[in-house]
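**Student:** So you can see what is in the structure, the chains are spelled out below.
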Amino acid sequence: MANVISANSLTLAYDKGKTVVINDATFTIEQGEFVFITGPSGSGKSTLLKSMYGQIKPYKGKLSVGGFDMNRIKRNQLLQLRRNMGIVFQDYKLINEWTVEKNVVLPLIITGYSLDVQKVQAEKLLAHVKLSEHAHKYPLELSGGEQQRVGVARALSKNPFLILADEPTGNLDEFSSGVVWDLLENACDQLNATVVVVTHKIPTIFNIPYRHFIIENGGVHEVH
Amino acid sequence: MKSIKEHLMFILPLMAMLIGIEFILVFNRITSSYENKLKNEYAILVVSKKTLKTPFVRSIDNRIDTVEPMNREEIAREVTAGMQDAAIAAIMKDLPYFYRIHLTKYFSLKDLKEIRDNLKKVNGILNVEIFGKNYHSKHSMFELVKMLLNIFIVMLFAVSILLVIKQMQVWQLAHKERMQIMEIFGAPMMLRSGILFKVALTDAFIATILNMGLFIYFKNKWAKTSDVDFIKNNPDLLFNISDFFLLFLLAIVIVIISVFYVAFKSREVPEG
Numbered sequence: 009m010a011n012v013i014s015a016n017s018l019t020l021a022y023d024k025g026k027t028v029v030i031n032d033a034t035f036t037i038e039q040g041e042f043v044f045i046t047g048p049s050g051s052g053k054s055t056l057l058k059s060m061y062g063q064i065k066p067y068k069g070k071l072s073v074g075g076f077d078m079n080r081i082k083r084n085q086l087l088q089l090r091r092n093m094g095i096v097f098q099d100y101k102l103i104n105e106w107t108v109e110k111n112v113v114l115p116l117i118i119t120g121y122s123l124d125v126q127k128v129q130a131e132k133l134l135a136h137v138k139l140s141e142h143a144h145k146y147p148l149e150l151s152g153g154e155q156q157r158v159g160v161a162r163a164l165s166k167n168p169f170l171i172l173a174d175e176p177t178g179n180l181d182e183f184s185s186g187v188v189w190d191l192l193e194n195a196c197d198q199l200n201a202t203v204v205v206v207t208h209k210i211p212t213i214f215n216i217p218y219r220h221f222i223i224e225n226g227g228v229h230e231v232h
Numbered sequence: 020m021k022s023i024k025e026h027l028m029f030i031l032p033l034m035a036m037l038i039g040i041e042f043i044l045v046f047n048r049i050t051s052s053y054e055n056k057l058k059n060e061y062a063i064l065v066v067s068k069k070t071l072k073t074p075f076v077r078s079i080d081n082r083i084d085t086v087e088p089m090n091r092e093e094i095a096r097e098v099t100a101g102m103q104d105a106a107i108a109a110i111m112k113d114l115p116y117f118y119r120i121h122l123t124k125y126f127s128l129k130d131l132k133e134i135r136d137n138l139k140k141v142n143g144i145l146n147v148e149i150f151g152k153n154y155h156s157k158h159s160m161f162e163l164v165k166m167l168l169n170i171f172i173v174m175l176f177a178v179s180i181l182l183v184i185k186q187m188q189v190w191q192l193a194h195k196e197r198m199q200i201m202e203i204f205g206a207p208m209m210l211r212s213g214i215l216f217k218v219a220l221t222d223a224f225i226a227t228i229l230n231m232g233l234f235i236y237f238k239n240k241w242a243k244t245s246d247v248d249f250i251k252n253n254p255d256l257l258f259n260i261s262d263f264f265l266l267f268l269l270a271i272v273i274v275i276i277s278v279f280y281v282a283f284k285s286r287e288v289p290e291g
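Residue numbers (my numbering), protein chains in the order written: chain A, 9 to 232; chain B, 20 to 291.
Same shape as in the complex, but just chain B:
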């Protein structure tokens, strides 16, 4: 019972830290994927007298990714509904070219305005529409969510570090005597802390597995019933097998630092 309690006292804060890290990974995947989705759905509308090609437009502003021409006939058909053929021909002749301009990433409103201004300087471009109001509210909401989650993760991490330090102090008390006896008989630090390493590495493995289990549950159960369509359609964002290795590696690093801390604090200090 005592042993289980001792393990849990290290596993739980370690798990909290790993959950924090996994949150960062998942959150980064979700945000970059969502950002990509927002980016793909968004386009600047450009009206031009001349035809525009991607390399030329990119040379004006490197934040521009592609230029997609809109179908002039379709636009003309909508505009000229019910008109005579001669009138349609005349309109087609004077109808400018319409383009959707896609960007390389999900930029801020300030960037969009800069891009618009750069495009407006091009001879032949008649109008540039960035749909700023709608874009700005989406972008602001996105940034706010990002910031709140980052604060949450930092706080979770800080609390976890405090818990791990507390547990290290408990370990130190529990193992100090044994380590000091071993030191009196000439044991090097690695041997003195050997048992701690064994316990801590086991705990690190257990914490990683539990953490993985939690996120696999999110991926396979929670995501499917989630009200968030984006998550529902992309459950893989919630867990990758590569996360396991990363988390285990991180857990090992935390364990090594913890054990060396305890071993160092238990080191004999010559008297006198």
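The shape of chain A in the complex, shown without the other chains:
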């Protein structure tokens, strides 16, 4: 299977190298794998995830995502890469002035799909995340769990090859967390998407095989 993400002696740092967060990490993640990244607060989990969607550039070493060299990626290439990814955030990052339906199809709007396609896909995804009746509401009218389901639906809307999730259940109750994990499992299992999840805690019940990386003292180690 092809590598979707490949890190070779990757070092991530802030303040022009003064604060090293990830130090000399080497790993690969293949197509269709589900990966958990855990570690204590401030260990660099989110930083590692940010580097995968180009929010932070490698300080040293090499990082490749979806065939793009993240050290040298150009702005338009980065936007192109992001258009084929799904990203889920702990704070949802929904556009509050847009309806739930419009938020869900944001990746389709960006790619220029027709309104008809957007509508069909929005209906399908909202049914999938059990939010059909909220299609015309605005994000702030929903609970945290519902907003996160909208966030996951948005991440899935374009059948991405890679889904990155940063603490997707961090603010959610048990029920909503269960729904979000199911959605991510399905994306990996049924759509063959690669899913990388940064979390404090791996769910106790998880139905598909996964890999687990732990970040400690700047190092990224796989737990077997």
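Hints listed in this document are in silico derivations from the structure and should not be mistaken for laboratory results. The beta carbon of each residue, even a glycine, is placed where N, CA and C say it ideally should be. A portion of the hints provided could be inaccurate.
[As the list claims (entries may be wrong)] Quick list of the computed label-pair ranges, beta carbon to beta carbon:
| # | chain 1 | residue 1 | chain 2 | residue 2 | range |
| --- | --- | --- | --- | --- | --- |
| 1 | B | Ala177 | A | Gln85 | 41 to 47 Å |
| 2 | B | Lys284 | A | Asp77 | 46 to 52 Å |
| 3 | A | Asp99 | B | Ala177 | 18 to 24 Å |
| 4 | A | Arg91 | B | Val189 | 51 to 57 Å |
| 5 | B | Lys284 | A | Arg91 | 21 to 27 Å |
Please build the complex by placing chain B on the supplied structure of chain A, with the hints as guidance.
**Tutor:** Chain B alone, transformed into the frame defined by chain A:
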């Protein structure tokens, strides 16, 4: 209510800028028209022993437009009132030629003096009268008004630019989050700023229409009751339909610069 306030906060400074531009247009039309009027009303008086023709006089000084001969008989009649025919004939014989010399534009007193000196060098020209004192006071007043209005327009423009920049900062705060979310999902700059363009173009159109309405009012209502005869007789100077297109074009340019500024300032900066 919030939305109306947001629109007004952009429309008002934009209107102020457009009013400034429209003032420049109107002022240029009025001044050039008034200048033309002053120019047409003014003439240098030349007394010459020889007849003068326009091409010849123009060759002496290219600031001269036309040479208009004055009626010698009329002048003679005024001078010889009550005299005998023989005396009149003798005077007519020795009477020089009188000319009004019109200029190409409304020149300064310095120019007039140069023209006078050039004319005086011509053999046969006996006297040149430029009516300098009266001309100078009119010209100075004209230049003073012009300068004051230009200062006013520059200040109006500067204040408007500050207001537009302020509004851009408000926009940036209001739209930054949405633009950044769209960028995370790979939206290009044009798409990210699309909604701003829609809002701003609508505002530009509204500002132009309001501005046009204001000047049409000046033209159709104010000009008719104005105490300024020149404006009263030339109300068209206050608004031309071509101004609308020019102002709208300018408003669009301002809008494009504003939106790109906001979009650029909201751009993601890679960390690290």
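**Student:** So, for every hint listed, does it hold in this structure?
**Tutor:** Tested hints:
1. Ala177(B) / Gln85(A): 41 to 47 Å: For Ala177(B) and Gln85(A) the Cβ distance comes to about 42 Å; the hint holds.
2. Lys284(B) / Asp77(A): 46 to 52 Å: 28 Å, violated
3. Asp99(A) / Ala177(B): 18 to 24 Å: Violated - the Cβ-Cβ distance for Asp99(A) and Ala177(B), about 41 Å, lies outside 18 to 24 Å.
4. Arg91(A) / Val189(B): 51 to 57 Å: 30 Å, violated
5. Lys284(B) / Arg91(A): 21 to 27 Å: At roughly 23 Å between Cβ atoms, Arg91(A) and Lys284(B) fall inside 21 to 27 Å, so the hint holds.
Hint violations for this structure: numbers 2, 3, 4, all remaining hints satisfied.
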